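Participant: Sequence:
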Amino acid sequence: MKPLKEFTIPFVGLKIASHHFDYDIEKTFFEYFEYEDFNDVAIKVKVDLNKKTTLMELHFKISGTVNINCDLTNEPYDQKIKNEFDLVVKFGDEYNDEDTDILILPHGAYEINIQQYIYELIVLTVPIKRVHPGVKDGTLNSDILKKLEELSPKMDPEKEIKEEDIDPRWNTLKKLLTDK
Numbered sequence: 001m002k003p004l005k006e007f008t009i010p011f012v013g014l015k016i017a018s019h020h021f022d023y024d025i026e027k028t029f030f031e032y033f034e035y036e037d038f039n040d041v042a043i044k045v046k047v048d049l050n051k052k053t054t055l056m057e058l059h060f061k062i063s064g065t066v067n068i069n070c071d072l073t074n075e076p077y078d079q080k081i082k083n084e085f086d087l088v089v090k091f092g093d094e095y096n097d098e099d100t101d102i103l104i105l106p107h108g109a110y111e112i113n114i115q116q117y118i119y120e121l122i123v124l125t126v127p128i129k130r131v132h133p134g135v136k137d138g139t140l141n142s143d144i145l146k147k148l149e150e151l152s153p154k155m156d157p158e159k160e161i162k163e164e165d166i167d168p169r170w171n172t173l174k175k176l177l178t179d180k
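In UniProt numbering, the protein residues as written are 1 to 180.
Hint data in this document are derived by calculation from the structure and do not stem from the laboratory.
Quick caveat, the model's predicted, so the values are computed rather than measured.
Treat the hints loosely; a few may be bogus.
Said to hold, decoys possible - So the derived label-pair ranges between C-beta atoms look like this:
hint, residue 1, residue 2, range
1, N69, P106, 36 to 46 Å
2, N50, D97, 28 to 38 Å
3, N96, P153, 48 to 58 Å
4, L148, N67, 34 to 44 Å
5, L151, D86, 45 to 55 Å
6, G138, D93, 52 to 62 Å
Unchecked claim - Cut-off 30 Å, straight-line C-alpha distance, at most; resulting in silico cross-link-like pairs (DSS-like, lysine-lysine):
hint, residue 1, residue 2
7, K61, K5
8, K146, K80
9, K82, K129
10, K44, K61
11, K174, K27
12, K61, K15
13, K52, K80
14, K61, K46
15, K44, K27
16, K27, K46
Cβ atoms here follow ideal geometry from the backbone N, Cα and C, with glycine treated the same way.
My request is simple: use the sequences and hints to build the entire structure.
Facilitator: The following block contains the structure:
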């Protein structure tokens, strides 16, 4: 997969100071990764790169919305997301990204591509269980919700558990709790 040029930061020409980069992420960004869970995407990414003499610190901050389908009703809705991530970039003999918070670039490197970090940060921020806000507060009017409620098991008040229906051996065991 060829890296996207707009997410490549050439740090060699930058002064030793703090630098700021802004990105607008849309659905085409996720099509590049062949990720199809999002219907639509509107996310702002702010990256602060603090260049020092021997290392660089990157601070990612994302906020926006992704349009996804509810797991219960399959109705699309906008899920707000917000997250932050810190990455330390050091220099070494060879490329190493085994640690999630530390990236080691070879000594001759002159640029860094941050598209993978942005992709992972956004995808991991979306909740695992996606429930439409209308399901939580009861305002969503959906055929699927009506069918789920129709088919859900109902508790019959006549079939309440009575004291005489309980196995007498349990009563003996309950005495162990009260006999101290």
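Participant: All hints are to be evaluated individually against the structure, with a verdict given for each.
Facilitator: How the hints compare with the structure:
no.: 1; hint: N69 to P106: 36 to 46 Å; in the structure: holds, 43 Å
no.: 2; hint: N50 to D97: 28 to 38 Å; in the structure: violated, 19 Å
no.: 3; hint: N96 to P153: 48 to 58 Å; in the structure: holds, 54 Å
no.: 4; hint: L148 to N67: 34 to 44 Å; in the structure: violated, 23 Å
no.: 5; hint: L151 to D86: 45 to 55 Å; in the structure: holds, 47 Å
no.: 6; hint: G138 to D93: 52 to 62 Å; in the structure: holds, 59 Å
no.: 7; hint: K61 to K5; in the structure: holds, 20 Å
no.: 8; hint: K146 to K80; in the structure: holds, 26 Å
no.: 9; hint: K82 to K129; in the structure: holds, 17 Å
no.: 10; hint: K44 to K61; in the structure: holds, 8 Å
no.: 11; hint: K174 to K27; in the structure: violated, 60 Å
no.: 12; hint: K61 to K15; in the structure: holds, 22 Å
no.: 13; hint: K52 to K80; in the structure: violated, 34 Å
no.: 14; hint: K61 to K46; in the structure: holds, 5 Å
no.: 15; hint: K44 to K27; in the structure: holds, 12 Å
no.: 16; hint: K27 to K46; in the structure: holds, 18 Å
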